[in-house]
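Using the sequences and the accompanying hints, generate a full structural model.
Residue numbers (my numbering), protein chains in the order written: chain A, 325 to 439; chain B, 2 to 217.
Check the hints yourself; a few may be wrong.
DSS-like cross-link-like pairs, simulated, lysine-lysine; straight-line CA separation at most 30 Å [unchecked claim]: (1) K39(B) <-> K363(A); (2) K61(B) <-> K363(A); (3) K77(B) <-> K61(B); (4) K57(B) <-> K89(B); (5) K57(B) <-> K363(A); (6) K39(B) <-> K404(A); (7) K77(B) <-> K57(B); (8) K89(B) <-> K77(B); (9) K61(B) <-> K89(B); (10) K89(B) <-> K363(A); (11) K404(A) <-> K363(A).
Here are a few chain B residues that sit away from chain A, every Cβ distance over 10 Å (derived from the structure) [as the list claims (entries may be wrong)]: (12) K9; (13) K61; (14) R69; (15) R72; (16) R79; (17) E86; (18) A108; (19) A157; (20) E163; (21) V166; (22) D184; (23) D186; (24) E190; (25) L209.
Honestly, the hints are just simulated from the structure, not real lab data.
All of these numbers come straight from a predicted model, not from anything done at the bench.
Built from N, CA and C at the ideal position, the CB exists for glycine as well.
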Amino acid sequence: MSAPEEDRLGPLARRDGEPVFDEPWQAQVLGLAFSLVDKGLINAGEWSETLGATLRAAADDGAPDNAATYYDAVLATLEKLTAATGALTADAMADRREAWRQAYLDTPHGQPVEL
Amino acid sequence: MSSYDSEKVAQIHRELHSHLPSESALRVKALESLLVEKGLLDPATVDGWVEFYAEKVGPKRGAQVVARAWRDPDFKARLLADGTEAVKEFGFDGPAHAHLRVIENTATTHNLVVCTLCSCYPHSILGIPPNWYKSAEYRARAVRDPRGVLAEFGVALDDSVEVRVWDSTSEVRFMVLPERPGDTDDLDEAGLAALVTRNAMVGTDRDLTPATGTAS
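What follows is the structure, given as structure tokens:
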């Protein structure tokens, strides 16, 4: 068997002063998720169940126990539950993602990026 | 140089200068713009959200609530009986779709809050949870080894102090009411609130005695 779980644990308190967000999209995705849960578009219980399952799957896959893994899970959960409401399809999300990518590539430096 | 090469160079140049966001950032933009388009989201909501929770709510609201509970026994009784109702006295909403339950530390009891499943937290009172609260490590160890976790945060507990661990869910969010430190009789509500740390309201801090205090 592998080493006991305790051996992989680092001091939690050292993370106390970490910034809550490393990148702006992490703040945006949390804001999106909370807004949709608050509005009831996504059920609160379903949100925590699905986020919990996504986090557990990431840990089982060996993802590092850090903020990046957490926000990746938030994003994946939000995409999944938004698609489940029937409001948006996965295809629509993929198409829109590509549209934004192209807009960023096509927009001259310094100008606002718009679709 | 062939035209193919010059076009390729131009393309690389464009990509270098485009500040193309990460894949994750593009996914978030896609979601947000589609939700706004469908009328499911007010575009101002998300921008305002971060500012609101990170800067306005912070843990400041929780600290105000704790300070009043320390000074006003009747408010404290109401707070412990029904947190969601009691914080309305400040004009604060409790957690949407969930109850706020406040649990009191005493000389013989210490309370620690965790969400073992994901990251449930009383955002409307404490703001955005710290990264450690969301970590797999904390979620597992807070239950299995709460005294070890507390020691890591510098909370040394006598063996006689009982530790209780509370598991926040989508339905019930817990907040700790820490003990009022001694020698604070001269402080008003704002002065007391300034002593209250976020971690004390989660349970990873206990003794809020002011560092500059000169107890006789």
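query: Holds or violated: is the Cβ of D184(B) farther than 10 Å from all Cβ atoms of chain A?
result: Holds, because the least Cβ-Cβ distance between D184(B) and chain A comes to about 26 Å, which exceeds 10 Å.
message: Quick check for students: does the CB of E190(B) sit more than 10 Å from each CB in chain A?
response: holds, 26 Å
task: Measure nothing beyond the straight line between the CA atoms of K77(B) and K57(B); if it is 30 Å or shorter, mark the hint as holding.
output: holds, 24 Å
query: Straight-line Cα separation of K61(B) and K89(B) no greater than 30 Å?
result: holds, 15 Å
Agreement of K89(B) and K77(B) with the hint, judged by alpha carbon distance not exceeding 30 Å: holds, 13 Å
query: CA of K404(A) to CA of K363(A), is that 30 Å or under?
result: Holds: K404(A) and K363(A) sit about 17 Å apart, inside 30 Å.
- request: Below or equal to 30 Å on CA atoms is what counts here, so check K61(B) against K363(A).
  value: Holds. K61(B) to K363(A) sits at ~24 Å (cutoff 30 Å).
query: Is E163(B) truly not at the interface, in the sense that its beta carbon sits beyond 10 Å from all beta carbons of chain A?
result: Holds: least Cβ distance 22 Å, greater than 10 Å.
task: For the pair supplied as a hint, K57(B) and K89(B), confirm whether the alpha-carbon distance does not exceed 30 Å.
output: Since the Cα atoms of K57(B) and K89(B) sit roughly 17 Å apart, the hinted pair holds (cutoff 30 Å).
Non-interface claim for K9(B), where every Cβ of chain A lies beyond 10 Å: holds, 14 Å
Separation of R69(B) from chain A, once the least beta-carbon distance is taken, above 10 Å: Check passes; 26 Å lies beyond 10 Å.
query: Hey, does R72(B) actually stay past 10 Å from chain A on C-beta?
result: holds, 28 Å
The structure shown violates none of the earlier numbered hints.
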